[in-house]
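Student: Using the sequences and the hints given, assemble the complete structure.
Listed below are the residues making up each chain.
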Amino acid sequence: MSETVKTAPAQATTNPTVPGGTPPSAGSPRPTAPKPHHRPVTVRGIVARSVLYAVLIAIALVYILPFLIEIATTFKTDADAAANPVTLVPANWSTVAIQQLFLNSDFPLWFKNSAIVTVFVTAGRVFFDSLAGYALARLHFRGRGVVFAALIAVMSVPAVVLLIPKFLVINQLGMYDSYAGMIIPLLVDAAGVFIMKNFFESIPVSVEEQAHIDGAGTFRVFWSIVLPMARPALVTIIILSFQGSWNELSQFIISTQDPSLTTLTKGVASLASGQLSQGTQYPLKLAAAVIMTIPVAVMFFVFQKRIMNTSEGAVKE
Amino acid sequence: MSTLTSRSRRSGFRRGEAASGWLFTAPTIVIIGLFVVIPVFMALWVSFSDWGGRGSPFASTVNFVGAKNYSTLLAGGGLDEQNFGTALRNNAWYVVLVVPIQTAVSLILAILVNRAILRGRGFFRTAFYFPSVTSSVAITVLWLFLFGTTGAVNKVLSWVGIHGPNWFNDPNGVLHNILSVVGVKTGPAVLTGNTFLGVSWWDWLAGPSVAMSAFILMAIFTTSGTFMLLFVAALQNLGGDVTEAAMMDGANGWQRFWRVTLPQLRPTMFTVLTLGLIGCWQVFDQIYTGTQGAPGNTTLTPAYLSYTAAFSNQNWGQGAAIAFILFVIIVVFTIFQRWVLRDRAVSKRRMRLYRVPPADPRIAAASAAAASDSTEKTSGGAS
Chain S
1 MSETVKTAPA QATTNPTVPG GTPPSAGSPR PTAPKPHHRP VTVRGIVARS
51 VLYAVLIAIA LVYILPFLIE IATTFKTDAD AAANPVTLVP ANWSTVAIQQ
101 LFLNSDFPLW FKNSAIVTVF VTAGRVFFDS LAGYALARLH FRGRGVVFAA
151 LIAVMSVPAV VLLIPKFLVI NQLGMYDSYA GMIIPLLVDA AGVFIMKNFF
201 ESIPVSVEEQ AHIDGAGTFR VFWSIVLPMA RPALVTIIIL SFQGSWNELS
251 QFIISTQDPS LTTLTKGVAS LASGQLSQGT QYPLKLAAAV IMTIPVAVMF
301 FVFQKRIMNT SEGAVKE
Chain W
1 MSTLTSRSRR SGFRRGEAAS GWLFTAPTIV IIGLFVVIPV FMALWVSFSD
51 WGGRGSPFAS TVNFVGAKNY STLLAGGGLD EQNFGTALRN NAWYVVLVVP
101 IQTAVSLILA ILVNRAILRG RGFFRTAFYF PSVTSSVAIT VLWLFLFGTT
151 GAVNKVLSWV GIHGPNWFND PNGVLHNILS VVGVKTGPAV LTGNTFLGVS
201 WWDWLAGPSV AMSAFILMAI FTTSGTFMLL FVAALQNLGG DVTEAAMMDG
251 ANGWQRFWRV TLPQLRPTMF TVLTLGLIGC WQVFDQIYTG TQGAPGNTTL
301 TPAYLSYTAA FSNQNWGQGA AIAFILFVII VVFTIFQRWV LRDRAVSKRR
351 MRLYRVPPAD PRIAAASAAA ASDSTEKTSG GAS
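Chains as they are written, first to last, in the numbering used here: chain S, 1 to 317; chain W, 1 to 383.
Rather than coming from a laboratory, the hints here were simulated on the basis of the structure. Wrong hints could be hidden among the right ones.
Said to hold, decoys possible - In silico DMTMM-like links for lysine to aspartate or glutamate, alpha-carbon gap of 20 Å or less:
| hint | chain 1 | residue 1 | chain 2 | residue 2 |
| --- | --- | --- | --- | --- |
| 1 | W | Lys185 | W | Asp203 |
| 2 | W | Lys155 | S | Asp258 |
| 3 | W | Lys68 | W | Asp50 |
| 4 | S | Lys112 | S | Asp258 |
| 5 | W | Lys68 | W | Glu81 |
| 6 | W | Lys155 | S | Asp80 |
Tutor: As structure tokens, then:
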């Protein structure tokens with residue numbers, strides 16, 4: 001099934017090079033060459049296309065404008081933000097909000113804590129998820145089926161249900177109010193193990209077997225042969241865990257109380273509910289929201305192709 | 001010979017495999033066991049106890065109270081029951097509106113973006129997907145500003161002459177608002193007099209509050225991009241031949257979409273609906289960041305109520321009980337949905353249209369023969 005799908009794009013790319021060759025799948029989702037005879041340009045076609053673009057642009061504006069307004073408001077004064085909430089150019093540019101955020105608040109500390117947690121969680125997930133995924137895909141051991149079934153069951157437990165339970169365990173283990181309590185529960189995620197397992201099952205086993213015959217140990221094979229081959233899947237894990245841990249809120253609410261361990265999500269949430277501020281102070285709050293979005297936005301634009309493609313289905317590759 | 005030696009070596013390696021297998025999965029098993037499996041059982045115990053948050057929940061001073069925590073919530077008759085009922089009401093409306101709308105919006109976006117003729121497809125996809133990568137906290141902060149009393153949304157509404165509501169401070173139910181426009185200000189006694197979970201039927205039917213509606217719009221805004229990508233993936237994996245055959249048979253675009261494309265998208269539809277449903281019953285971050293349940297408890301959700309019951313009111317047993325009820329709700333809905341969307345070959349009603357009336361046995365026999373002939377043909381064609 002997957003093989004037939006995999007060969008399809010190859011055909012599609014070779015076909016246009018054959019002059020006059022008709023593509024076998026005329027309804028293929030992305031024809032690489034224009035088909036002038038199929039669709040003559042009619043007035044109706046032009047109108048339909050213009051309507052499509054108009055609709056798409058209108059929807060895109062709805063999706064983009066909030067963020068543009070957010071960025072613009074960051075550089076407004078409080079009064080300007082209240083009087084002109086929609087304008088995209090501040091009446092007079094002001095960096096007061098950003099200065100206040102960095103010089104008169106714990107924002108830098110929050111940023112540091114989020115960065116620490118994200119780095120450790122991402123590294124941990126990349127390592128542990130792939131380790132477990134490899135074992136479940138390749139190594140034969142009694143109980144493998146049980147472990148995998150348990151993993152699937154765990155994936156179906158809603159995260160919010162675990163708020164109180166997690167706190168109970170973290171408290172019992174004496175990890176409350178520590179980086180350990182913030183990081184360790186997030187170090188492995190069942191979904192990541194699942195992704196890695198699926199990936200390892202999709203690559204041929206012959207290379208590993210050769211290495212085993214040459215006398216390499218299991219971990220060595222995993223570390224120096226299998227893992228480098230798994231780059232695409234690892235990138236997926238990196239994206240997911242970076243985004244997941246940077247945006248995580250509930251885990252930090254239940255594992256810490258100490259202000260010195262506050263992360264961005266928790267800190268900005270406290271800003272939003274007005275615990276630290278007088279008045280609305282929208283520029284300040286929105287500046288915090290913009291700055292906390294920058295790392296994930298950068299991540300998104302760097303790996304944009306990959307994100308869009310993984311969701312497009314690995315078969316498209 | 002060579003195969004023999006490699007085999008024996010491999011079986012030697014197989015012996016070590018069991019150990020490595022367990023070693024490799026050990027970190028995962030330990031962490032998930034410690035922070036998911038054990039906690040669930042601990043919380044299950046707490047939900048049946050009177051633990052007050054001090055010391056260990058297994059200390060001898062902590063008593064087993066049976067189903068008391070659950071009965072207080074489901075039939076206690078007090079404020080706890082009322083709050084729980086209100087939270088369920090709020091979240092139910094949230095689910096009822098968000099799940100279908102986000103599915104429809106993401107499907108429409110996917111179809112628009114998937115047009116082969118479209119230029120700038122990457123740009124549109126990026127634009128629609130970007131809200132999905134930002135954190136719920138950042139989006140909530142933005143939403144509080146946009147939907148503020150003097151915020152951008154009301155400003156835009158004022159351009160077309162609409163006096164916008166006081167979004168996040170407006171506890172009025174949307175359906176109640178609509179009814180009051182046509183003159184119905186109070187409900188019939190049947191609805192106002194009878195209650196379920198401490199909330200009158202009239203209030204159950206209030207619809208989401210204006211404040212909750214803002215959160216509903218936010219959920220659609222942030223999740224439609226993710227689901228759009230799922231639909232785009234599914235659309236690109238559809239073979240064009242079925243659609244083409246339908247085109248040959250003279251089906252118009254509308255028919256092709258409903259009768260051909262949509263049925264083929266059923267697995268993705270199931271995924272999107274399930275993920276949406278599970279996510280929507282877990283509304284927490286937005287409420288924690290934004291409204292804390294206000295105004296008038298109309299943005300209270302079971303997830304947030306569970307948190308405040310335990311962490312703010314030190315009523316841990318009740319908090320845990322709410323979490324487990326929520327768990328059951330999510331599981332039941334998921335199973336129900338699986339049942340509704342189960343793979344039925346052809347519905348009975350439709351089947352009747354195709355079936356030859358069995359009145360005449362000769363015709364039935366002939367049609368059976370024709371059917372077997374056609375299957376033979378197709379199988380022959382395949383081989």
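Student: Enumerate the violated hints, using their earlier numbering and listing them in ascending order.
Tutor: The structure breaks only hint 2.
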